[in-house]
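Peer 1: Single-letter residue listing:
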Amino acid sequence: MPLLPMSRVILKNFFSRPATRLYPFVVRPAFAESRGRIAIDYPQCIHCGACARRCPANAILVGKEPKSWRIDAFACVTCGLCVKVCPKKCLRMDNERPKSADFADKDSRVESHVTPPAPEAGGPNGA
Amino acid sequence: MSGQDKRVQDAAHAPREDFVKGPTVIPFGPQHPVLPEPLHFDLLLEDEKVLGAIPQIGYIHRGLELLVEKRDFADYVHVAERICGICSFMHGMGYCEAVESLLGLPIPDRARYLRTFWCELERVHSHLLWMGLAADALGFESLFMAAWRTRELVLDVAEETAGGRVIFGSAIVGGVSKDPSDETLARCIKALALAREEVKRLSMVMLQNITVRHRLEGVGVLSADAAYALGAVGPMLRASGRAYDARSLGYAAYGEIGFETVVETAGDCMARAIVRAREIEQSFAIMDKVVAAIPAGPVSVPAKGMPPKGESFARLEQPRGEVVYYVRSNGTRNLERFRVRTPTFANVPAMVEAMRGSSLADVPTIVLTIDPCISCTER
Ligand code: SF4
Ligand code: SF4
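Chains A and B supply the protein sequences, listed in that same order.
Be aware that the first sequence starts at 0, since it is given in numbering that gives the first Met the number 0, and climbs by one per residue.
Be aware that the second sequence starts at 0, since it is given in numbering that gives the first Met the number 0, and climbs by one per residue.
Any given hint could turn out to be false.
[Unchecked claim] Computed footprint of chain B on chain A, listed as stretches where at least three residues anywhere in the stretch have a Cβ under 8 Å from a Cβ of chain B: (1) 32-39; (2) 57-67.
[Stated by the list, open to error] Derived DSBU-like pairs (lysine-lysine); straight-line CA-CA distance at most 35 Å: (3) B:Lys189 - A:Lys83; (4) B:Lys303 - A:Lys83; (5) B:Lys199 - A:Lys83; (6) A:Lys88 - B:Lys69; (7) B:Lys308 - A:Lys11; (8) B:Lys189 - A:Lys98; (9) A:Lys63 - A:Lys88; (10) A:Lys87 - A:Lys98; (11) A:Lys63 - A:Lys98; (12) A:Lys87 - B:Lys69; (13) A:Lys66 - B:Lys303; (14) A:Lys83 - A:Lys98; (15) A:Lys98 - B:Lys308; (16) A:Lys11 - B:Lys303; (17) B:Lys69 - A:Lys66; (18) A:Lys98 - A:Lys66; (19) B:Lys69 - B:Lys199; (20) A:Lys88 - B:Lys303; (21) B:Lys303 - B:Lys69; (22) B:Lys199 - A:Lys11; (23) A:Lys83 - B:Lys69; (24) A:Lys98 - A:Lys11; (25) A:Lys63 - B:Lys199; (26) B:Lys288 - A:Lys83; (27) B:Lys288 - A:Lys63; (28) A:Lys87 - B:Lys303; (29) B:Lys308 - B:Lys69.
[As the list claims (entries may be wrong)] A short list of chain B residues far from chain A (calculated; beta carbon distances all over 12 Å): (30) Pro29; (31) Val33; (32) Ile53; (33) Tyr243; (34) Gln281; (35) Pro297.
Hints in this document: simulated from the structure, not taken from any laboratory.
Think of the CB as a built atom: it goes at the ideal place given N, C-alpha and C, for glycine as much as any other residue.
Whole structure, please, built from the sequences with the hints as guidance.
Peer 2: Below, the structure is given as structure tokens:
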């Protein structure tokens with residue numbers, strides 16, 4: 000009967016902290032390689048649409064008129080292909096995952112950037 | 000005593016043959032406290048003894064195979080990975096291996112080694128998951144917690160190397176998409192050594208515990224011939240004394256790394272538990288060897304062009320047994336047919352056979368020792 004190994008575990012459990020964290024107050028830092036949310040440096044984007052064409056999940060929508068870029072974070076399968084194909088290197092994959100609270104309301108999972116059709120260049124970058 | 004009471008008493012003491020005609024049918028699942036999977040049985044019972052079982056699946060069919068007609072062949076790997084939440088990497092990899100053999104595309108050595116590493120990582124986390132579920136079904140709550148706590152170490156390694164805990168997302172047609180550095184791999188091996196110690200202790204606690212042994216020994220015996228004839232695969236087959244493991248085909252880097260097939264001969268639930276416990280230990284050893292021998296170099300080659308008209312197969316050893324992938328191409332970017340024969344599907348007839356003659360209380364144990372994964376089975 001393996002009494003000893005288990006009693007060691009029991010003793011250890013008495014004097015150690017719980018194995019779980021007090022999420023969401025304590026969050027384990029993400030690993031460098033973790034797949035998280037796709038983020039865009041929108042002013043850099045030239046709206047070529049390469050990311051949208053390559054996306055296997057059709058998560059990205061690039062508009063020409065008015066110029067816009069949007070991503071559905073729930074549709075994204077975090078494959079990272081859009082990051083690879085972007086000619087301007089303005090996409091990146093964060094290693095932080097969004098908290099579920101960030102998606103509390105229905106529209107928050109879609110991140111959308113629109114360039115208003117301004118006559119001069121250098122308009123606001125959208126929200 | 001009133002006339003009514005007398006009749007009831009007479010009936011209770013009547014010879015059984017007069018009282019019940021034919022076996023009792025007890026529905027078991029798809030929702031059952033000990034069953035983590037939506038699997039349904041009609042159990043035919045005589046007293047407590049199981050005469051037979053009629054299995055029924057079909058609760059979580061998602062039609063993933065058909066999607067292959069709608070997706071680019073290179074993109075479909077993301078769908079293939081989502082066939083199952085436990086063997087996710089192996090499903091993606093099996094699909095890739097089948098497509099790569101169709102394309103005649105040899106993948107880089109480093110990719111083959113990394114695939115082997117992730118396969119074994121997945122085997123460890125799957126077997127630990129099984130250990131937890133089995134312990135839970137036996138009422139061994141603390142072992143359940145301990146097994147899953149250890150599994151967390153393994154999942155962390157998965158996230159650190161592949162980027163995902165459950166969906167690794169690292170298998171692509173032509174290689175792998177993540178290339179963990181040698182330092183990362185060395186760090187992971189250290190973390191895995193901790194898990195290995197822990198698993199050794201847990202296996203010992205589970206396999207030597209007297210209550211666990213009472214529940215598992217001599218229960219659900221499957222003879223070697225029956226296992227073979229019914230097409231059992233994986234630990235189910237190996238626990239019955241047939242030394243067959245698809246890894247011996249030498250896919251990925253198994254040919255170079257080498258390993259020994261784990262066999263037990265008793266064929267009961269205990270033997271299946273022992274096979275899994277020994278396989279975890281072996282997987283750790285394989286991962287050590289892979290990291291020691293991993294060559295440098297690129298991890299993927301671009302998959303150019305269309306898959307030619309034709310068909311191909313790939314076979315892998317998943318934690319639950321051998322899985323077969325079939326792809327057929329019609330020369331366009333969308334494949335015509337994709338088919339997976341999953342290990343649980345192959346194990347269901349053997350499981351029904353193992354149940355025959357056991358008592359009702361042992362049915363959950365027998366179901367759990369085949370480690371069913373219905374999500375794969377129905378796709
Ligand atoms: S990571 Fe993949 S799925 Fe997500 S938006 Fe980019 S291409 Fe699409
Ligand atoms: S590929 Fe890059 S530049 Fe082109 S639309 Fe997408 S984000 Fe913008």
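Peer 1: If a hint holds in the structure, say so; if it doesn't, say that too.
Peer 2: Results for each hint:
Given as covered by chain B, the segment 32-39 of chain A passes the check, having 3 residues with a CB less than 8 Å from a CB of that chain where 3 are the minimum. Three residues within the 8 Å Cβ limit are the bar, and the segment 57-67 of chain A against chain B gives 0, so the coverage statement is violated. Under the criterion of a C-alpha separation no larger than 35 Å, the hint pairing Lys189 of chain B with Lys83 of chain A is consistent with the structure, at around 32 Å. Using a Cα cut-off of 35 Å, the hinted pair Lys303 of chain B and Lys83 of chain A holds, with the two alpha carbons roughly 16 Å apart.
Distance restraint check for Lys199 of chain B and Lys83 of chain A: the Cα-Cα separation of roughly 42 Å exceeds the 35 Å cut-off, and the hinted pair is therefore not satisfied. Only pairs whose Cα atoms come within 35 Å are accepted, and Lys88 of chain A paired with Lys69 of chain B is accepted, the gap being roughly 29 Å. Taking the CA atoms of Lys308 of chain B and Lys11 of chain A, the gap is about 61 Å. The hint is violated against a cut of 35 Å. A distance of roughly 30 Å separates the Cα atoms of Lys189 of chain B and Lys98 of chain A; the hinted pair therefore holds under the 35 Å criterion.
Taking the CA atoms of Lys63 of chain A and Lys88 of chain A, the gap is near 19 Å; set against the 35 Å cutoff, the hint holds. Our distance criterion of 35 Å between C-alpha atoms is met by Lys87 of chain A and Lys98 of chain A, whose separation comes to about 29 Å. The suggested pairing of Lys63 of chain A with Lys98 of chain A holds, with an alpha-carbon distance near 31 Å, which does not exceed 35 Å. The suggested pairing of Lys87 of chain A with Lys69 of chain B holds, with an alpha-carbon distance near 30 Å, which does not exceed 35 Å.
At most 35 Å may separate the alpha-carbon atoms for a hinted pair to count; Lys66 of chain A and Lys303 of chain B meet this at roughly 32 Å. Taking the CA atoms of Lys83 of chain A and Lys98 of chain A, the gap is near 25 Å; set against the 35 Å cutoff, the hint holds. For a cut-off of 35 Å, the pair hint linking Lys98 of chain A to Lys308 of chain B is broken: about 45 Å separates their Cα positions. Our distance criterion of 35 Å between C-alpha atoms is broken by Lys11 of chain A and Lys303 of chain B, whose separation comes to about 55 Å.
Pair hint Lys69 of chain B plus Lys66 of chain A holds up; C-alpha atoms about 29 Å apart against a cutoff of 35 Å. A C-alpha spacing of about 29 Å is found between Lys98 of chain A and Lys66 of chain A, which places the hinted pair at or below 35 Å, so the restraint holds. Taken as a hint, the Lys69 of chain B and Lys199 of chain B pair is broken in the structure, with Cα atoms around 46 Å apart against an allowance of 35 Å. Using a Cα cut-off of 35 Å, the hinted pair Lys88 of chain A and Lys303 of chain B holds, with the two alpha carbons roughly 23 Å apart.
Proposed proximity of Lys303 of chain B and Lys69 of chain B is supported: the alpha carbons are some 19 Å apart, at most 35 Å. In summary, the hint linking Lys199 of chain B to Lys11 of chain A is supported, as the alpha carbons are separated by about 17 Å, within the 35 Å threshold. Taking the CA atoms of Lys83 of chain A and Lys69 of chain B, the gap is near 23 Å; set against the 35 Å cutoff, the hint holds. Restraint check for Lys98 of chain A and Lys11 of chain A: satisfied, since their Cα atoms lie roughly 32 Å apart, inside the 35 Å limit.
A threshold of 35 Å between alpha carbons decides the hint, and for Lys63 of chain A with Lys199 of chain B the separation of about 60 Å lies outside it, so the pair is violated. For the hint pairing Lys288 of chain B with Lys83 of chain A, the CA-to-CA distance comes to about 32 Å; that is within 35 Å, so the pair holds. Distance hint between Lys288 of chain B and Lys63 of chain A is unfulfilled; the C-alpha atoms sit about 53 Å from each other, more than 35 Å. The suggested pairing of Lys87 of chain A with Lys303 of chain B holds, with an alpha-carbon distance near 24 Å, which does not exceed 35 Å.
Of the pairs offered as hints, the one joining Lys308 of chain B and Lys69 of chain B holds, with about 17 Å between alpha carbons and a cut-off of 35 Å not exceeded. With a least beta-carbon separation of about 28 Å from chain A, Pro29 of chain B lies farther than 12 Å from that chain, consistent with its non-interface assignment. Every CB of chain A lies more than 12 Å from the CB of Val33 of chain B, the least distance being 23 Å, so the non-interface label holds. The Cβ of Ile53 of chain B sits about 38 Å from the closest Cβ of chain A, beyond the 12 Å cut-off, so the non-interface label holds.
Even its closest Cβ contact with chain A, about 32 Å, leaves Tyr243 of chain B beyond 12 Å, as expected for a residue assigned away from the interface. At roughly 21 Å from the closest C-beta of chain A, the C-beta of Gln281 of chain B stays outside 12 Å, upholding its exclusion from the interface. Against chain A, the non-interface label of Pro297 of chain B holds: every CB pair exceeds 12 Å, the least being about 15 Å.
Hint check: violations occur at hints 2, 5, 7, 15, 16, 19, 25, 27; the rest are consistent with the structure.
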